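Undergrad: Sequences listed follow chains Y and B, in order.
With the first letter of the first sequence counted as 1, position 100 gets the number 99 in numbering that gives the first Met the number 0; the numbers rise by one all the way through.
With the first letter of the second sequence counted as 1, position 74 gets the number 73 in numbering that gives the first Met the number 0; the numbers rise by one all the way through.
Simulated from the structure, these hints should not be mistaken for lab results.
Check before you lean on any hint, since a few could be wrong.
Straight-line Cα separation of at most 20 Å, SDA-like style, residue types lysine to any residue; simulated pairs [claimed, not checked]:
1) Y:333 with B:86
2) B:82 with B:36
3) Y:333 with B:36
4) B:33 with Y:47
Being a predicted model, the structure only gives us computed values, none of them experimental.
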Amino acid sequence: MAYTTFSKIANDAMKEPMFFGNPVNVARYDQQKFEVFEKLIEKQLSFFWRPEEIDVSRDRIDFMNLPDHEQHIFISNLKYQTLLDSIQGRSPNVAFLPIVSLPELETWIETWSFSETIHSRSYTHILRNLFTDPSEVFEDIVTNEEIQKRASDIAGYYDTLIHAVQFMQLHGLDQQAVDYINLEGQKETLSLRSIKKKLYLCICSVNALEAIRFYVSFACSFAFAERDLLEGNAKIIKLIARDEALHLTSTQQILNLWADGRDDPEMAEIALECFSEGRDIFLKAAEQEKEWAQYLFKDGSMIGLNEAILCQYVEYITNQRMQAIGYEAPFDIKTNPIPWINHWLVSDNVQVAPQEAEISSYLVGQINSKVDSDELSSFEL
Amino acid sequence: MSKNTSKTLTVDGIEYPLDTQKTVLENLESQAIKVEFHCRDGHCGACRCALLSGDVNYRSYPLAYVRKNDILTCCSQASSDIKIATY
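Here chain Y stands alone, though its shape is the one from the complex (with noise of 0.2 Å):
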């Protein structure tokens, strides 16, 4: 089962599973099977945006002045999320082009892992702006233990997969020949249904980081942000959020497709086998999101936000992402704790018509700043 990148076999894209049928041909969108990964496309390029539009002069100043302890938070945040779109930057293209099998799919993966590419170099953005040097929070990520810890779970159920697709696609699933030592450097007996298993299993990994994860994280910008600070950092924080909210739906998608066998009708049966793992996931995401949330507070909570509630919405979150895919909701908590986070996630309030004044590219030459008094001369009453 080698890739190939045109596949010659004349095939009917309508019939094709989701993942693992006959690599993609001819990249046609006039009839789908899942229309709705078209529909992601044509809105994910809708909230097309760059860093650069949005200025982040003033945040510096609004930097300096915080106390440490508010600096931290801050920092630690930007870190963490430069390490997740790092990796979804990337992953989704390796681990699943390979095996994509339908054409709107195919481009839904790439616009996404596209626009998270967009939030990587936002982060740069902000960082160039808020330090003359940054290096030293780029170098942190990979060395900070607490990023660390969350990082190789996300990053291990896409290694899994991608270890056991590249197999698959150099050497076939026959094993007779050659035998799959996997990444604990065990021999394991692959078969597609085992494969199909993990990319199950990482599709679960990738919904609860587009869900919980990032969420902490943006709630203490917008925290900021309603104190009037750092607001420049918000707005790009702002558009993140409407990106992630969407591809988040597409995961959402994916998994309800598979569980409601209206895809691949061996990936519904993993779907049931596989149905308390992918609760675990979630939930392991979220209890390291509570851990993350107690690092960022070590020091001192901020006006606005502390640990405790925090933790609450990392839970209140959970349920409702949980719910979104078929599963009961774990926690209690039935009310959002910080309700004013709603305002910053409504998509219809991201405004990014070019007259607005944040847009530093479309201000340039917009004013004339030599104008002499003599040019005023011809001037009568």
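Could you slot chain B onto chain Y? The hints should help.
TA: Quick look at chain B alone, frame taken from chain Y:
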């Protein structure tokens, strides 16, 4: 503005007047019913409710996964009586 209030919207067993010009979410809000929402654009799925009876039309394509008997209140409108239950 012609307000059509002869229709009813039943939420968790309590009847309210239904404005057919507004989305279901806007109806809920105008009756001061606290419900979930995030994007108000049909892609986050936070406003999902169960539809017990009646029918809704979508103003825009609902991007979030809508299960059978579920509706997204932020982008749907009802033209006749509906009964819904919040999650």
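Undergrad: Now look at each hint and say whether the structure bears it out.
TA: Status of each hint after checking the structure:
Among the hinted pairs, residue 333 (chain Y) with residue 86 (chain B) is consistent with the structure: their alpha-carbon atoms are about 9 Å apart, no more than 20 Å. With a C-alpha separation of about 19 Å, the suggested pair residue 82 (chain B) and residue 36 (chain B) falls inside the 20 Å cut-off, and the hint holds. Straight-line distance between C-alpha atoms of residue 333 (chain Y) and residue 36 (chain B) comes to about 14 Å, which keeps the hinted pair within the 20 Å bound. As the CA atoms of residue 33 (chain B) and residue 47 (chain Y) are separated by approximately 32 Å, the hinted pair breaks the 20 Å bound.
The structure shown violates just one earlier hint, number 4.
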